[in-house]
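Please model the complete structure; the sequences and the hints are all you need to start from.
Take a look at the letters that make up each chain.
Number of protein chains: 2
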Amino acid sequence: MAKQDRAIRTRNQILESMASLFNEVGYDAATIAALVERTGLTRGALYFHFASKEDIARAVLDEAVTREGLREQAFKVQEWVDLGLLLAYRVPREPILHAAIRLSVDPKARRLFGTRWPDWVAVGEGFLTEAKQRGELLPHADPAVVSRTVVGSWTGVQLVSEAMSEDLDLAEEISVLYQLVLPNVVTPTVLARIDSSPYRAERLLKEQSRTSAVE
Amino acid sequence: MAKQDRAIRTRNQILESMASLFNEVGYDAATIAALVERTGLTRGALYFHFASKEDIARAVLDEAVTREGLREQAFKVQEWVDLGLLLAYRVPREPILHAAIRLSVDPKARRLFGTRWPDWVAVGEGFLTEAKQRGELLPHADPAVVSRTVVGSWTGVQLVSEAMSEDLDLAEEISVLYQLVLPNVVTPTVLARIDSSPYRAERLLKEQSRTSAVE
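Just so you know, the protein sequences line up as chains A and B, in that order.
Those letters in the first sequence? Residues 1 to 215, per my numbering, in order.
Those letters in the second sequence? Residues 1001 to 1215, per my numbering, in order.
It is worth saying that the hints were derived from the structure and are not from the lab.
All C-beta atoms in this analysis are idealised placements derived from N, C-alpha and C, irrespective of residue type, glycine included.
Zero decoy hints are in this set.
Dumping the calculated BS3-like pairs for lysine-lysine here, alpha-carbon to alpha-carbon at most 30 Å:
| hint | chain 1 | residue 1 | chain 2 | residue 2 |
| --- | --- | --- | --- | --- |
| 1 | A | K53 | B | K1053 |
| 2 | B | K1053 | A | K108 |
| 3 | A | K108 | B | K1108 |
| 4 | A | K53 | B | K1108 |
Calculated from the model, a selection of chain A residues having no Cβ within reach of chain B, i.e. all distances over 10 Å:
| hint | residue |
| --- | --- |
| 5 | A2 |
| 6 | A34 |
| 7 | Y47 |
| 8 | L61 |
| 9 | E79 |
| 10 | F127 |
| 11 | P143 |
| 12 | D169 |
| 13 | D195 |
| 14 | E202 |
| 15 | S212 |
For the chain B half of the interface with chain A, some residues (derived, Cβ under 7 Å), not all of them:
| hint | residue |
| --- | --- |
| 16 | G1026 |
| 17 | D1028 |
| 18 | V1105 |
| 19 | P1107 |
| 20 | K1108 |
| 21 | T1115 |
| 22 | T1149 |
| 23 | G1152 |
| 24 | S1153 |
| 25 | G1156 |
| 26 | V1157 |
| 27 | L1159 |
| 28 | V1160 |
| 29 | V1176 |
| 30 | V1181 |
| 31 | P1183 |
So this is what it looks like as structure tokens:
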């Protein structure tokens, strides 16, 4: 068991270090040699976990579509908002999630592995379709279109906010995005009960870790 | 004069070919050797116009913040919307504009040259500030915040729409973005007179070419 724990830790260390390299220098320039230098692991140890750089990139992208911290809420549209708020809180703190975005906008990596945006759009559409069936959305709001537009907007707000010279907080920027979009998607009575504040994600994640500690 | 025309044409040809290379293989992999092969020009001819690949990338980014097709309108907020609609029409048709986005999301190119997003945010903020002074915006709409959020959203909608498997039209996707955001930014009476249709940009550009033909 201890041996297995160590193996999982090493695998995570490889993923995180390679993700940081992708973030810093881009997919093409991130090499196994640089990874060896950064982790201090032998090539043998690396190749025990991953066959190649491509293999690591795929594993990074596999982590991208995550529901960690998500809990059932009174409104489905709240769960849809929570998905985006949780990711906004985590991306600046977790190199692997950040690298998944980086790989999606890199021409070579995108050609090799595609992106996880279609998956995100499908997940969002699922929540919004349920929300619509429950009468939470305005009649003209099309779940597929709203989901796709917000996945795009979310991504661009992240990219632009990290390029601006001011010190912008992604959780706040994404909160503003939802405030701009929600009144045109959600019925007014539901809107009044939706929490899109930048502090919500941190609270959700703390609740989750408390619950798992009890279990 | 004819000689000067030829020089301008050659410069444009270099810019467009290098822009296409940036789009296809990314900044790092786009080389002067590939450019020579693609254009059929000699290295001498290239270096007459640009000192280096970096120099070409800078020239590409200099073309990014463009007001081509923009005309004075009854509402300042219409001019702000027109900026985004015109760009959505042009980006899929003009490799140089497309490459400016590509370079902005490339980690190495971004480190070398920065991005033009802060310029776009400033331009948008200018239009929205004037719109606000004229009473076109809702009281809570902050020109700086709205401009930044929409520049981000615009960029991400472009990136995600070209990565989706469906054949999405950027002008339509951006039109949807404005329809989602405008009701929460613009007063209802002004909103009723704002055109954010996907066909508007093409019409504006045709009007412009007619006018310049007359001038």
